[in-house]
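Chain A is fixed; fit chain B onto it per the hints.
Top line first, the protein sequences correspond to chains A and B. If you read the first sequence in our numbering, its first letter stands for residue 934, the second for the next number, and so on. If you read the second sequence in our numbering, its first letter stands for residue -14, the second for the next number, and so on.
These are computed hints drawn from the structure, not numbers from a lab. Quick caveat, the model's predicted, so the values are computed rather than measured. Each statement offered as a hint is correct.
Chain B regions said to be covered by chain A (calculated; three or more residues, Cβ under 8 Å):
#1 3 to 9
#2 121 to 127
#3 253 to 266
#4 269 to 279
#5 283 to 297
So the derived label-pair ranges between C-beta atoms look like this:
#6 F1139/A to G92/B: 46 to 54 Å
#7 W50/B to L1062/A: 18 to 26 Å
#8 S1177/A to R305/B: 47 to 55 Å
#9 S271/B to V1096/A: 20 to 28 Å
#10 V1100/A to P233/B: 24 to 32 Å
#11 L297/B to D1121/A: 41 to 49 Å
#12 T1129/A to A213/B: 50 to 58 Å
#13 R1135/A to N267/B: 51 to 59 Å
#14 L1206/A to R119/B: 16 to 24 Å
#15 R1127/A to S271/B: 57 to 65 Å
#16 I49/B to P1143/A: 42 to 50 Å
Every residue gets a Cβ at the ideal spot worked out from N, C-alpha and C, and that includes glycine.
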Amino acid sequence: MTVVLPPVSTEPAAPPEEGQQLGRWRRMPTKAKVGVVLLGIFVLAAIIGPMVTPYDPSYQNSAPALSMHAPYAAHLLGTTQTGQDVLSQLLVGIRLTLELAFIVGLVATALAVIVGVTAAFLGGVWDELLSLVSNVFLVIPALPLLIILLGYLPQKGQLATIVVLSVLGWPWGARVIRAQTLAIRNRDFIAAARETGEPTWRILAFEIVPNEVSLIAASFVNTVLYAIGASVLLAFIGLADLNSWSLGTMLYWAQSQQALQLGAWWWFVPPGLAVALMGTSLVLLNVGIDELGNPRLRDANSASRIAGRRMRPTDPTPVLLASDPPPRGRLTSFVHSFSRSALLDHNGRGES
Amino acid sequence: MSFIVRRLIFYVVAAWVALTVNFFIPRAVPGNPAQAIMAKFPDLQPSAYRALQAMLGVGHAGSIWHQYWAYLVDISHFNFGVDEIEYPAKVSTLLAQTLPWTLTLVGTATVIAFLVGTLLGILAGWRHGGWLDRVLPGLMFLQAIPYFFLALILLQLLAINLHVFPLGQGYSEGLIPGWHWAFIGSAIDHSILPAFTIVITTLAGWMLQMRNVMITTIGEDYVLAAQAKGLSSRRVVFTYAARNALLPQLQGFGLALGFVVSGAIIMEIVFSYPGIGLLLFNAVTSNDYPLMQAIFLVITFAVLLANLIVDLIIVMIDPRARTRGATR
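Chain A extracted, bound-state conformation (with noise of 0.2 Å):
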């Protein structure tokens, strides 16, 4: 063997890092990649949306024949009742439920995070004081405050939707990020840290919070969906600015309008599907980053069929037996990248 090999392929000539990225997107699990891509879709209908659409959604067209009009060139999406285009409604209000749930997700996660990380930390009675009032939140139903709370506010504009759904958001990824920050801060690389003379706040945001990063990004996935859901069913029963167009005032205004009873689907199940199909992003992509951390919840398509058997995580290590058919192309990579997670992953429990 000689040290200076000559390329042979093509693969390795490509720049490693684009490479590198692209392996990665390719070994997502599927449900995380459906995920990203179907949010993607609307966050970008949320960015150019409103900058497009074909009407202003308020405006008010009087001619009788367009009053719930089933949808047709000039309206893709039908009109409601008093003539407004259906589409130009559903676009901006993806913008404003999706900005709202947005700016809940950061405010609540970063809650969460100073909650989880300082009881943690300071540990002791600031520990049980701030695990105490985060378990008694979890504990008290939600939606019943939120609905007196946003009852008893004068204004419930978004601004009063986003205060209260963030003071209420914080509490369960304040609890898993505690929890995770407990395992870490006893670590030689924090007692490291604070040897050297760092300060504590210094510790805090430069050494623990970037080890949490997947977490707090689970943490605000989830809490972007439980934003999304919440300010729908607040909307839906009234509880919002009803002038504004958000996904949940479209379902209220269609609901009093009776537009379920006059059969007019094209206003109601536009924006019902698009609070549907968002939240099954969020999902998906949260049961993919699930999986990435922990590969044996794939499904069979990804992670336990080798070689054509189904395997169950009982068995014993797979091993390619000599018998099996020689594995080809997009199979190869698979098991592959099996073997390298994986089987990792059962060594280590010391299974084989």
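Using the frame of chain A, we list chain B on its own:
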């Protein structure tokens, strides 16, 4: 300290927090609900303002701590005040009328969803990669649909278009509620569709969680040992794997109850089901603050009680919780 005692103390604290939050919200919010109601009903006499203030606890006599104490004493006697919209009906009477409906429907549907979902999760986890695993994304979609939206669609399809189920309400009009077959049959008939909605929207969550825990549990050595001993599959799955996988599931059940209840509130609004959720909705739309607050308390206490029951079940199936105070 035993597990149950610790949990009891926790629930008492949680109940106290709920009571206190409930007490301070009206006093902390800018503006005055009495003024809001006065503005809403212009023909109210000025004298009504004082009555409203007294009723809502704004401009109450005495210090705030005095009011707080009086409030706690009132609540402990189930005295939630007089309802201001359906005056002079007592709030507690309204609650007593609606609570049984919700408890029966939501309770039954939730338990069914939990049991079926857990069972399916056990099977999906055991037959990892089987057909149950493949329908999972579809179930996740069902779970992501807003409750009320799915309820609306089902109502449209099954009640309005196909006439399979009655159109909302708790029982047929003209029937007098009571323990006779005509009424019970009608009530069951009216509850099938709402219950079905709750079951299919929450099923996937239980199933996914149970499946994930099962998959991890099945990889444990004691499961392998049980298989190596030659025990039957059924025994390995249910007595060895599922029993252990059930603990996180049950703990999750306690925490998820709040969300389940929230969904049920909306379900009742869509189906005009005469439960506490519809009452809350009516209270919100008519700015009926005392009723809103009382409903919040009742729902919270119901959830705390359900959590306590879950804890008792955990103690039953987990010997560790009995011996040393297991942390949760």
